[in-house]
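Residue numbers (full-length UniProt numbering): 1 to 244.
Treat the hints as calculated values from the structure; they're not laboratory data. Incorrect hints may appear among the rest.
Simulated DEER-style distance windows between Cβ atoms [said to hold, decoys possible]:
(1) Ala153 - Gly77: 30 to 36 angstroms
(2) Lys150 - Ala89: 17 to 23 angstroms
(3) Ala153 - Gly129: 21 to 27 angstroms
Predicted model, so just to flag it, every value in this text is computed and none were measured. Think of the CB as a built atom: it goes at the ideal place given N, C-alpha and C, for glycine as much as any other residue.
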Amino acid sequence: MTDPNMHDSQEQPEYGAYDRNRDEAQTPRYFDNPYGNPYMGGGNQGQDGSWQPVSPFKLVEEWLPQQAKNAIRGVYGVLGVVALILGLALLIWPGATLKVAAIALGAYFVVSGVIRIVTAVVELGLPGGWRVLDILIGVLLTVGGVIVLKNAALSGATLAVLITMVVGLGWMMEGVMALVESWRMPSSGWAVVYALLSIVAGFIVLFSPVSSTAWLILFGGCALIVLGVVAIVRAFTFGKPRRR
1 MTDPNMHDSQ EQPEYGAYDR NRDEAQTPRY FDNPYGNPYM GGGNQGQDGS WQPVSPFKLV
61 EEWLPQQAKN AIRGVYGVLG VVALILGLAL LIWPGATLKV AAIALGAYFV VSGVIRIVTA
121 VVELGLPGGW RVLDILIGVL LTVGGVIVLK NAALSGATLA VLITMVVGLG WMMEGVMALV
181 ESWRMPSSGW AVVYALLSIV AGFIVLFSPV SSTAWLILFG GCALIVLGVV AIVRAFTFGK
241 PRRR
């Protein structure tokens, strides 16, 4: 005869539900091991048959599939190399003009925006809200870069205003996003450096009372070089195990 009070191990409670057929404390297995991978295994079934919830808001990069890690490392590496090349070109180009600065900065924002969109789509386990926000920022950066590239032939004063607006706002948006996202990065120190540099650079460009051609070229080149170095470091550290 079957005891009606016996718990059927095949019938697991829903996420957050209380199982009245169990007398002992009911602590989800995932919370016993904060470094465990809730994305492993089949459904909500743990290896010992106990309930194992999957948190839709928990993201740890080392849980990603190796293919996704390699893809994201690749795009960070490409972004870093592009930023380095463009920054060096601005600083060492003989007689660099505002048009050259517009092309370099516009190209950087296009690449940066596309990379943000790609990582938002590829990065498995990213909460829906984060994914949408990443894509939105990526689209805005890409559009801003395209606008600067298409208008690189404008007159000096008009082009300077356009660069100031797009580059200033773009760097500030990118910096704020990087700062907020730094909580899920294994090497958050570099992420915070990147974020603060972006925010400060955007603020200076946007609110500088005098944005001369020489100032924009010098500051833009230096900022691109530093951002490029940080992106390359990010390519090597992405998905590495966290220190426990």
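Hints, one by one, checked against the model:
The supplied range of 30 to 36 angstroms is met by alanine 153 and glycine 77, whose beta-carbon atoms lie about 32 angstroms from each other. Distance hint check: the CB atoms of lysine 150 and alanine 89 are about 20 angstroms apart, consistent with the given range 17 to 23 angstroms. Restraint check, alanine 153 to glycine 129: a C-beta distance of roughly 40 angstroms breaks the suggested window 21 to 27 angstroms.
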